[in-house]
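Could you build all of it, start to finish, from the sequences and the hints given here?
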Amino acid sequence: MAFAKVETRDGIATVVLSRGKVNALNGIVIDELRACFSALEADPDTKAIVFTGSGKFFSFGFDIPEFRSFAKDDFRDYLINFTDFYTYLFLFPKPVVAALNGHTIAGGCMLALACDYRVMAANKGKISLNEIAFGSSIFAGSTEMLRFLVGSANAAKVLYSGAMYSAEEALGLGLVQEATSDTHLMDKAKAIAADLASKHAPAFAGIKALLRKPVADGWTQREKASISDFLEIWYAEPTWTNLRNIKIY
Amino acid sequence: MAFAKVETRDGIATVVLSRGKVNALNGIVIDELRACFSALEADPDTKAIVFTGSGKFFSFGFDIPEFRSFAKDDFRDYLINFTDFYTYLFLFPKPVVAALNGHTIAGGCMLALACDYRVMAANKGKISLNEIAFGSSIFAGSTEMLRFLVGSANAAKVLYSGAMYSAEEALGLGLVQEATSDTHLMDKAKAIAADLASKHAPAFAGIKALLRKPVADGWTQREKASISDFLEIWYAEPTWTNLRNIKIY
Amino acid sequence: MAFAKVETRDGIATVVLSRGKVNALNGIVIDELRACFSALEADPDTKAIVFTGSGKFFSFGFDIPEFRSFAKDDFRDYLINFTDFYTYLFLFPKPVVAALNGHTIAGGCMLALACDYRVMAANKGKISLNEIAFGSSIFAGSTEMLRFLVGSANAAKVLYSGAMYSAEEALGLGLVQEATSDTHLMDKAKAIAADLASKHAPAFAGIKALLRKPVADGWTQREKASISDFLEIWYAEPTWTNLRNIKIY
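Residue numbers (our numbering), protein chains in the order written: chain A, 1 to 249; chain B, 1 to 249; chain C, 1 to 249.
No lab work stands behind these hints, which were simulated from the structure alone. Each hint should be verified, as a subset may be incorrect.
[What the hints assert, rightly or not] Okay, derived cross-link-like pairs now, DSSO-like style, lysine-lysine, Cα gap no bigger than 30 Å in a straight line:
id: 1; chain 1: A; residue 1: 126; chain 2: B; residue 2: 124
id: 2; chain 1: A; residue 1: 213; chain 2: C; residue 2: 157
id: 3; chain 1: C; residue 1: 213; chain 2: A; residue 2: 199
id: 4; chain 1: B; residue 1: 124; chain 2: B; residue 2: 72
id: 5; chain 1: C; residue 1: 126; chain 2: B; residue 2: 56
id: 6; chain 1: A; residue 1: 56; chain 2: A; residue 2: 188
id: 7; chain 1: A; residue 1: 124; chain 2: A; residue 2: 247
id: 8; chain 1: C; residue 1: 126; chain 2: C; residue 2: 5
id: 9; chain 1: B; residue 1: 157; chain 2: A; residue 2: 224
id: 10; chain 1: A; residue 1: 157; chain 2: B; residue 2: 72
id: 11; chain 1: C; residue 1: 72; chain 2: A; residue 2: 190
id: 12; chain 1: A; residue 1: 190; chain 2: C; residue 2: 199
id: 13; chain 1: C; residue 1: 199; chain 2: B; residue 2: 157
id: 14; chain 1: A; residue 1: 157; chain 2: B; residue 2: 188
id: 15; chain 1: A; residue 1: 224; chain 2: A; residue 2: 72
id: 16; chain 1: C; residue 1: 72; chain 2: C; residue 2: 247
id: 17; chain 1: C; residue 1: 213; chain 2: B; residue 2: 72
id: 18; chain 1: B; residue 1: 126; chain 2: C; residue 2: 72
id: 19; chain 1: B; residue 1: 199; chain 2: A; residue 2: 247
id: 20; chain 1: B; residue 1: 126; chain 2: C; residue 2: 157
id: 21; chain 1: A; residue 1: 56; chain 2: C; residue 2: 157
id: 22; chain 1: C; residue 1: 126; chain 2: B; residue 2: 72
[As the list claims (entries may be wrong)] Label-pair distances were calculated between CB atoms; the ranges are:
id: 23; chain 1: B; residue 1: 218; chain 2: C; residue 2: 68; range: 56 to 62 Å
id: 24; chain 1: C; residue 1: 169; chain 2: A; residue 2: 168; range: 19 to 25 Å
id: 25; chain 1: B; residue 1: 70; chain 2: C; residue 2: 44; range: 29 to 35 Å
Where a beta carbon is used, it is the ideal one built from N, C-alpha and C, also for glycine.
Put into structure tokens, the structure is as follows:
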């Protein structure tokens, strides 16, 4: 794998997203993450997963410069694949702890939302669903994952503002469950993962499914329509103009 | 329009509900509000709306003395029209900020709940869904709008008590998002409206629909049955005796 | 009734669960509670109910030693009966206040969750859905009652940890609505019940149904499948080994 590095110790697998300076997401990254998590799901020795990024970003989100060259239908295929992956991750039967090492933005934030627990390095980055700031909408599933975590009222606040939140602010909103110094981030995330891994795995998986399956079932039937609505806005002015001006490398 | 006055400046329309001392709601008021919001929805120059009341009330709710003379089926027609309107307002594609200038009670509170944001003048009035205090039930949609804003536990607290909340208490419950002095109320509400108006309109509308359409879809199929249940209680003793004693002018 | 004692005064019925030291739940207890609540539902003189336990426990939950001797299908029948009862209690048309006099664990906690209001004696016991601690899953309905009370994020926290919460901690999570000294517990619970009983009964019942019926409708169709999943885990190792080591008398 070029972009998803895995290291397992004592039953805890650490998945590191690593692509360029900002860990931008594209089709290959999502395919690699999917293959990586599928292998960890099947591996009886993996009890829990820590999901983090390399460098100063967890992930800046979609690789906008790359997607600017995509025809609409190709971008739609990517979005179906991407939303399928976060749905898979939301329902992943083993515990997944996100260790947010830096900026966690847009599509990067959606992946973080899908995890069971989010620990964020204080003073090292912001977390945001900033789509509205560049004139974009989002998806049914990401809306519901956000609502699941923070409730409808805070979800509206986060999405209508597109604000960039510090770890402390995110803690207050319920976007993350813990803020810690960056030097303790991985130890903290691994300790949480180890605690969840110590539970009887089928009991954990059963409870997680009871909490999450009805929520995911509610959005999956609306996801494709939300992607179509998203594409209408994405390819129209002035969003397209904004996207042309985004540089992420 | 006799009861819904509109003034637009810099793309922000201010809708002022103005009927008698307490801005009591009846069929004509709801029809005027619906016509007014429909025109603003269609107007490309209107980017956002501030919704407020004249005098010391946002609205005291239904015009009980008028409705006491209604036959059950006529009152049912009004309720279908009223609940249709708050559903329309809940899903209104442009930002709507409620500037709660005074008492915001029962049906008046339901209209406020449908907006995107509620700013309330401190020390100028109370906000309440006080139906239970005079022996009345409410509707499926108003229950769900309340749950959307404050969660199920606080919704039960608000509805079971029928309590009258100050702006500060309402802020604590999540019933309003901001409390301010009455002299700053309209400036504050217009500033919030202008901020929301600055977003790309289709992106705002898309995100609002993702947050709210599944919620409204959940209640619309149950709304008529809830109106029938409401009417059973409304026309039976002792609720009817309570209603006979309510004077609002 | 051997295990559910009822005393009514001034329209407030007090139901006391009383079986051994820990008020362990089994088929007869649930049948008695169901008969008892059904009679109180039908009794026009009963306006509200306080539900409490005798001794140092509200209830420790299922009578594990007894159920260890059950064939799977018999235990399934009990679980269908048990989950039917908490669903009935969740939708009970009259106000029900839980007076948590001591430890409120697992199945005992599920019964408490179904009530309208929970007052807990401080320093007298813990409240917990500790199923995961002995390797067990839970049910669709208990998950949804918990989510109804505390939201999805806190529900995950409670269920993934299986932690034992003090009254103060439970208050912070929203698991209980009030903590009080044990000497004031019954007076406090009866005062809350009397306040709810003072409302017009059909209005209270109507509002309660609007808040709760859509939630219960969501889980009832999933309850039996959740019981099957629960049984798979319950009868498999290592959960069965844990259950063998549980002593509750």
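Do the hints match the structure? See the list:
no. : hint                           : in the structure
1   : 126(A) with 124(B)             : violated (39 Å)
2   : 213(A) with 157(C)             : holds (17 Å)
3   : 213(C) with 199(A)             : violated (33 Å)
4   : 124(B) with 72(B)              : violated (35 Å)
5   : 126(C) with 56(B)              : violated (48 Å)
6   : 56(A) with 188(A)              : holds (18 Å)
7   : 124(A) with 247(A)             : holds (21 Å)
8   : 126(C) with 5(C)               : holds (23 Å)
9   : 157(B) with 224(A)             : violated (38 Å)
10  : 157(A) with 72(B)              : violated (41 Å)
11  : 72(C) with 190(A)              : violated (38 Å)
12  : 190(A) with 199(C)             : violated (52 Å)
13  : 199(C) with 157(B)             : holds (14 Å)
14  : 157(A) with 188(B)             : holds (17 Å)
15  : 224(A) with 72(A)              : holds (14 Å)
16  : 72(C) with 247(C)              : holds (20 Å)
17  : 213(C) with 72(B)              : holds (25 Å)
18  : 126(B) with 72(C)              : violated (56 Å)
19  : 199(B) with 247(A)             : holds (21 Å)
20  : 126(B) with 157(C)             : violated (35 Å)
21  : 56(A) with 157(C)              : holds (29 Å)
22  : 126(C) with 72(B)              : violated (51 Å)
23  : 218(B) with 68(C): 56 to 62 Å  : violated (42 Å)
24  : 169(C) with 168(A): 19 to 25 Å : holds (22 Å)
25  : 70(B) with 44(C): 29 to 35 Å   : holds (31 Å)
Hint check: violations occur at hints 1, 3, 4, 5, 9, 10, 11, 12, 18, 20, 22 and 23; the rest are consistent with the structure.
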